[in-house]
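Novice: Sequence:
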Amino acid sequence: MSFARTLLLAVAAGATLAAAPCGAAGSRTGRPACDALVVHEPRQIRDGLLEMSGPVLGKGPLAWTEEDFERIYRTVDFCDGVRDPSTNSIIRASTWRSNLDPAREAVLSAAAVLKDAETLRRDARTKAVVLPPCETLLEWSHDPRDFRNNSAAIFGRDVLDTPPGDFPLVMGYVKSCAPALFQIAKGRLKQREEDTQRRLQSVLDVYAAVDAAHAERRAGGNRPTDMLAYMDGRPVPAALASRRTQSLVRDLDRYAAARQRLPPDQIESMNREATVIAAEAKTRIETVWAEAVKERISRDIFSEQP
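Letter by letter, the sequence shown follows residues -24 to -1, 1 to 282 in mature numbering (1 follows the signal peptide of the UniProt record, and there is no 0).
If you're looking for bench data, these hints aren't it; they were derived computationally from the structure. Treat the hints with care, as some may be off.
[To be verified] What follows is a list of derived Cβ distance ranges for each label pair:
hint	residue 1	residue 2	range
1	Gly196	Gly34	56 to 62 Å
2	Asp23	Arg193	32 to 38 Å
3	Ala195	Arg220	40 to 46 Å
4	Lys166	Ser62	32 to 38 Å
5	Pro61	Gln20	17 to 23 Å
6	Gln236	Pro211	21 to 27 Å
7	Asp227	Leu96	41 to 47 Å
8	Gly34	Asp56	53 to 59 Å
9	Asp56	Asp99	43 to 49 Å
10	Arg101	Arg219	48 to 54 Å
11	Ala129	Glu43	24 to 30 Å
12	Arg210	Val106	46 to 52 Å
Remember, it's a predicted structure, so these values are computed and weren't measured experimentally. Beta carbons: idealized from backbone N, C-alpha and C, even for Gly.
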């Protein structure tokens, strides 16, 4: 049995092992409860806990409880000053406490946040989205220029296909996970807090933008004659494009809703404007909508019906 596993048993047994008689046969220190403890550097235990990754003393850091830390503290108090004759290592209770105290605060606070987030995740009544474990949010990536992201991989549904009612749940869940993810990213990924903040804010910004765009379309009446533009086979709300492009789309939608043809001067000016927008576009959404505007104008020119 490994020393780490032995120490876990010592922690689990708590006062029972701490009360083991001194000088027990086969004990390296004379106190069986201290044997596993004396071979570990408290700084390494602290670092392992703060990394919040692999097992520490046989148990995942985020699975450690208040009781686990208390049992370790009781054991180091009992073993204070105990020496291992073979290595001359000495257990110092104060050293163990000074190393474990910051790890304890970080681990227990992160674990509490994850527990609450897991409750939210379990009880969420989403229509299509699947809320992932909090740590999965650290895998988020988004290219604002092409509006490509891994929302489908993370939430089970692309953000552009997300039903309106699921947006608040996604954004609320990301916010509930955030405090723990700052700790996890710092320890596990060696990521600065501002980098984690940017990643999580990107999730919120993307979902908020699409949600607002859908809301704007609904507020405008969501008429069957309104223009649609598609990207990767998914409809893209016009509100995600620039105000300049949106103005063109609104004008075209107004004419279509009134079943009126575009005046010849409007056709020329709007087509010219759409061409300029497409040439100057800095995002794929802008390009997609500029091309959709040009296609609608072309269709209107050759259509027999207004």
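Novice: Indicate, hint by hint, whether the structure satisfies it.
Specialist: Taking the hints in turn, this is what the structure says about them:
1. Gly196 - Gly34: 56 to 62 Å: Since Gly196 and Gly34 have Cβ atoms about 59 Å apart, the given range 56 to 62 Å holds.
2. Asp23 - Arg193: 32 to 38 Å: 51 Å, violated
3. Ala195 - Arg220: 40 to 46 Å: 20 Å, violated
4. Lys166 - Ser62: 32 to 38 Å: 35 Å, holds
5. Pro61 - Gln20: 17 to 23 Å: Given a distance of about 22 Å, which is inside 17 to 23 Å, the answer is holds.
6. Gln236 - Pro211: 21 to 27 Å: Since Gln236 and Pro211 have Cβ atoms about 24 Å apart, the given range 21 to 27 Å holds.
7. Asp227 - Leu96: 41 to 47 Å: Cβ of Asp227 to Cβ of Leu96: about 44 Å, so the range 41 to 47 Å holds.
8. Gly34 - Asp56: 53 to 59 Å: Given about 23 Å between the Cβ atoms, the range is violated.
9. Asp56 - Asp99: 43 to 49 Å: 46 Å, holds
10. Arg101 - Arg219: 48 to 54 Å: Because 36 Å falls outside the window, the suggested range is violated.
11. Ala129 - Glu43: 24 to 30 Å: 37 Å, violated
12. Arg210 - Val106: 46 to 52 Å: 18 Å, violated
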